[in-house]
Amino acid sequence: MSKRIDVSDLNVYYGNFRAVADVNIEIGAKSVTAFIGPSGCGKSTFLRTLNRMHEVIPGATVEGQVLLDGDNLYDPGVDPVTVRSQIGMVFQRPNPFPTMSIRDNVLAGVKLNARKISRSDADDLVESSLRASNLWNEVKDRLDKPGSGLSGGQQQRLCIARTIAVKPGVILMDEPCSALDPISTLAIEDLINEMKNDYTVVIVTHNMQQAARVSDKTAFFNIAGTGKPGKLIEYDDTATIFSNPSVKATEDYVSGRFG
Amino acid sequence: MTNATLTPVPAAPVANRRNRLSKGRLPRWAIPVVGLSALVLGAAGSTLGGFSIASMLIYTALLFVVGATAVTVIVEGRRQGTNSFFTYLIHGCFILALIPLISVLYTVLERGLPGMTSNFLFTSMNGMTGAVDNQSVADGTPVLGGAYHAVVGTLLITAFSTIISVPIGMLAAIYLVEYGQGKALSRGITFFVDVMTGIPSIVAGLFAGALFGILFGPSTRMGIVAAVALSVLMIPTVVRSTEEMLKIVPNELREASYALGVRKWRTIAQVVIPTAISGIASGVTLAIARVIGETAPILVTAGLANNINFNVFSNWMATLPTFIYYQILSPTSPTNIDPSAQRAWAAALLLIIMVMVLNLGARLIARVFSPKTGR
Ligand SMILES: Nc1ncnc2c1ncn2[C@@H]1O[C@H](COP(=O)(O)OP(=O)(O)OP(=O)(O)O)[C@@H](O)[C@H]1O
Ligand SMILES: [Mg+2]
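First to last, the protein sequences are chains A and B.
Position 24 (the first sequence) corresponds to 24 in the numbering used here; numbering is contiguous.
Position 35 (the second sequence) corresponds to 1035 in the numbering used here; numbering is contiguous.
What the hints contain is simulated information worked out from the structure, not anything from laboratory work.
Some clues are possibly wrong.
Mimicking SDA-like on lysine to any residue, the simulated pairs with C-alpha atoms at most 25 angstroms apart in a straight line are [stated by the list, open to error]:
id, chain 1, residue 1, chain 2, residue 2
1, B, 1183, A, 15
2, A, 116, B, 1270
3, A, 111, B, 1266
Taking CB as the label site, the calculated pair distances span [unchecked claim]:
id, chain 1, residue 1, chain 2, residue 2, range
4, B, 1199, A, 8, 51 to 59 angstroms
5, A, 76, B, 1290, 23 to 31 angstroms
6, A, 6, B, 1290, 58 to 66 angstroms
Glycine is no exception: its CB is placed at the ideal position from the N, C-alpha and C atoms.
Just chain A, same shape as in the assembly:
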């Protein structure tokens, strides 16, 4: 189920402004990849090009190739909806659907697409997704209550369950823990470690320890100055990036001597 992603010569624009330039990166299947870098260097922008969420913003365009198991996402003729159902995304701020119950939130990907699903299949899907996101025990008695009544950390895990429920091959996470307390953060990090068995995970984080704890490989992005595009500076095994990076800027950043 899990898939690899190969990006070549990717340039990302907001109107005329080039936000990310010339990215080449290979993200292996069944691995966790962390994106780190200073604020504004284009991590979120780049991440959103990986499932064609970037073009949702008016005026936003992309040049270059993103191959999902060899198929270019940006070929003319590719429907972004197909892409997004194979590459899921978890956002920085938990955003459960406020009109839906916990159960319906998990089933959102199925129900919103008006796909037929039997009652028992739906129950199974809800349970397995919530178990996979470590939320089942906390909510199993109140599945029909609104999702917005959960704590922030629970909401974020609900969003992860919702993403898992559509069975994507790749899951992108944009700072999924930045609004969470240390305990919820640990719960989500454990979850990412387990998810590696079934999914390809890409996570943006500002937390070096988190990157070191959860990821197999780490990509460091940087920006030369305001108004300049962000670039991929170094991409290597996480251990190498944190102990023995080959670029000075990476070393400065991971050791906190940045800027």
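Fit chain B with the ligands to the known structure of chain A by using the hints.
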């Protein structure tokens, strides 16, 4: 014994020492006393130039605001004084604004209630002539004839104009917010919606009348023409309110839905609109409440009828506003206008009740559909 340890240690002696952080404070009785004296002085003052309740109340209010502010300034200082001055001023304005509302409600209730008979509610004016009114006045029997036909007309015409304008208005708003950002067409729509908001209602009536005149021959008058005229008035309100409601749906929800591989139109239909539905419902209600009381556009499009007509696609129709208008302007019996006046006031009361029920209905809808919170 153990009790002793639990007793809180008394704070340092506070007896009669003023807190240095506090300023002077008016005793609780001070403001009521000022109020009473203002009342007495106001009553006295108003007798000077011929006593009337109105002048007494005005004098009292002025004296109270000045007096209470002055006392507060003297005892509590300038800042508190300014605070209470504006507090009293704003409360005064609030009461002033309530006066017309309450007076309208009171007048309509007082004059309308006697006319609220089952006769009024369930019969029309069909066959009611001046002679009938003269007879019932002469005999002292209850007024015959009623507004049933007008109620039917009001409900039908309003329902049809809602059916016409809600889809058009909502779709236009959806286009503006979800698809048309920055496009020339959407700027055009916004401009014309703004222009439409300012159209006088009689012009809308003439437009609908002329339109149907061209299509079906001159002076085509029927309920549906009135419904079209009213929808010209409703559409801009529906567009505007729906647009505002859709705009405040957070983008994150749309993105969350896209990220699950949901198509744009499904996202709009099943995520965006349900999230905004309570606001949209109250916007639609406001739009209905605005047109339900229109008179002029109805007169030039649906004419005026005395009989019950359930068909909006043929023949003239009456609504409550036109019913009121004609009962007052040309009473059924020119020599005995009281029965007509009574019917008009009862119809006015009925109209107000209908608008209120509508508002309550919208609140109910909003309550049922609004995003759920709590656990
Ligand atoms: N919607 C947008 N329109 C125009 N420019 C944008 C938009 N979103 C981001 N940018 C610009 O693109 C650049 C990269 O932003 P991005 O959000 O990708 O940074 P980031 O690395 O995710 O930062 P952070 O760590 O703070 O989240 C910034 O210069 C930003 O100002
Ligand atoms: Mg970001």
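Results for each hint:
1. Restraint check for residue 1183 of chain B and residue 15 of chain A: satisfied, since their Cα atoms lie roughly 15 angstroms apart, inside the 25 angstroms limit.
2. A C-alpha spacing of about 16 angstroms is found between residue 116 of chain A and residue 1270 of chain B, which places the hinted pair at or below 25 angstroms, so the restraint holds.
3. Pair hint residue 111 of chain A plus residue 1266 of chain B holds up; C-alpha atoms about 10 angstroms apart against a cutoff of 25 angstroms.
4. As the Cβ distance of residue 1199 of chain B to residue 8 of chain A is approximately 58 angstroms, the hint placing it in 51 to 59 angstroms holds.
5. Hint check: residue 76 of chain A to residue 1290 of chain B, Cβ distance near 49 angstroms, so the stated range 23 to 31 angstroms is violated.
6. For residue 6 of chain A paired with residue 1290 of chain B, a C-beta distance near 59 angstroms keeps the hint of 58 to 66 angstroms intact.
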